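What follows is the residue order along each chain.
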Amino acid sequence: MSTQGNLEDITIADLIQQNCQARKTARLIVRADGEQAVLFFAEGNVTHATLGDLQGEEVIYRVLHWSKGQFELEPGILAPRTTIQRSWSGLLLEGARRLDEEQHRQNGNLPQKPIHSEVKEMELDNVLKELGDQVNGFITTAVVGMDGIGLSQFTRSKKVDVENVNAQMTLLVKLVDTSVDKLGAGVIEDILLTTEDAYLLVRFLKDRGFYLGIAADRKTAQVGNMRLISKLFAERVAKVMPR
Amino acid sequence: MAKLEQLLQEVRAQLGGDFVSTGIVGMDGISIAGGSISPEFDSTEASARFAMVMKLAAQVSNKIGMGGVDDLLVTTDKVFLLTRFLGNGTYFWGVAVSRNATLGFVRILMNEYADQLWDAIPTR
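Residue numbers (my numbering), protein chains in the order written: chain B, 1 to 243; chain G, 1001 to 1124.
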């Protein structure tokens, strides 16, 4: 059963995000200004897109400009071919970058809330989900400011109150940071708290205004793996942090 | 107390050139044994500050429902700082080693000596 709607109610970026995150197999037809674009979703990605003679990624970047028009989403339809390899978040990021550039060129002003920033938030969420997949015994992860407020988080445990963990761990991180600084013991790279139930690892991000926190089950997690993953992902997180 | 110092000397010998400092500290922040390679190292300040850190770590772990604290590892660009509770948690043991140290070995060494150090604390 198809779903129809208006682009004034939901943006194409949102349609792409929703369908990819839900890992739907579907065909999306979008009509605007006498043009018709067709996008296909499968296994959490946009796999193919057409607009007239145009195919592939460029179609996505064109339709992201469309703010008026109608769409029709029909589930269960597979793409006849695959012309897009880039991840959906990568497509939105690149599309947003182009939109930003174009708007900047046109009027010399940046949009009030850059779309680029929203897409970066999505990228950050995805990076944290990926991190979760790579840590044995993963419980939760978050990017947290030194004010104790989480910028982004991903958790697999319903028992964990992530906001509380963020706030409490920040208190500890601040005290350790101050203590180490006063003792002249260098600049902190990471902090690992081992408790009866969990390993709690904190790694400062480059500007030190934020840190990446990871909690994993003590019975199944490996400290070396956690430290390595945190090091690798801290760099990726820093790259996709909204500014 | 001699036994305590002797055990710490053994640990120091096993850590060799990676050893920086060590101390057995009560939760009141006062050190009862320890040593450092640096005469400038302020063990009084280190003991007091890390007693506060260990207290807060225990509180935080309790508040977020992760159970009691076993140990804390801080990695800086200069050293590894390892602290762990001894016995019933009224004392903790801190060890600082250089970044060249084999971290896994230091942790094993601390596991190995923790109970002996606890038993060697004379009045508790």
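Simulated from the structure, these hints should not be mistaken for laboratory data. There's no promise every hint is true.
Once the Cα atoms are required to be at most 20 Å apart in a straight line, the calculated DMTMM-like pairs of lysine to aspartate or glutamate come out as [stated by the list, open to error]:
(1) G:1078 with B:217
(2) B:182 with G:1077
(3) G:1063 with B:9
(4) B:182 with G:1119
(5) B:182 with G:1115
(6) B:174 with G:1115
(7) G:1078 with B:181
(8) G:1055 with B:57
(9) B:231 with G:1070
(10) B:219 with G:1070
(11) G:1063 with B:161
(12) B:206 with B:161
Everything numeric in this text was worked out from a predicted model, so none of it was measured.
Right, here's what the structure says about each hint:
1. With a CA separation close to 29 Å, the supplied pair residue 1078 (chain G) and residue 217 (chain B) exceeds the 20 Å bound.
2. At roughly 15 Å between alpha-carbon atoms, residue 182 (chain B) and residue 1077 (chain G) fall within 20 Å of each other, so this suggested pair holds.
3. A threshold of 20 Å between alpha carbons decides the hint, and for residue 1063 (chain G) with residue 9 (chain B) the separation of about 43 Å lies outside it, so the pair is violated.
4. Between the alpha carbons of residue 182 (chain B) and residue 1119 (chain G) the distance comes to roughly 32 Å, so the proposed pair goes past 20 Å and is violated.
5. Distance hint between residue 182 (chain B) and residue 1115 (chain G) is unfulfilled; the C-alpha atoms sit about 30 Å from each other, more than 20 Å.
6. With a C-alpha separation of about 30 Å, the suggested pairing of residue 174 (chain B) with residue 1115 (chain G) is violated against the 20 Å cut-off.
7. Using a Cα cut-off of 20 Å, the hinted pair residue 1078 (chain G) and residue 181 (chain B) holds, with the two alpha carbons roughly 12 Å apart.
8. Among the hinted pairs, residue 1055 (chain G) with residue 57 (chain B) is inconsistent with the structure: their alpha-carbon atoms are about 55 Å apart, more than 20 Å.
9. Between residue 231 (chain B) and residue 1070 (chain G), the direct Cα distance comes to roughly 23 Å. Violation of the 20 Å bound is thereby established for this hinted pair.
10. Between residue 219 (chain B) and residue 1070 (chain G), the direct Cα distance comes to roughly 14 Å. Compliance with the 20 Å bound is thereby established for this hinted pair.
11. For the proposed pair residue 1063 (chain G) and residue 161 (chain B), the alpha carbon gap of about 10 Å is at most 20 Å, so the pair holds.
12. For the suggested pair residue 206 (chain B) and residue 161 (chain B), the alpha carbons sit about 26 Å apart, so the restraint of at most 20 Å is broken.
Of the hints listed earlier, those the structure fails to meet are numbers 1, 3, 4, 5, 6, 8, 9 and 12, in rising order.
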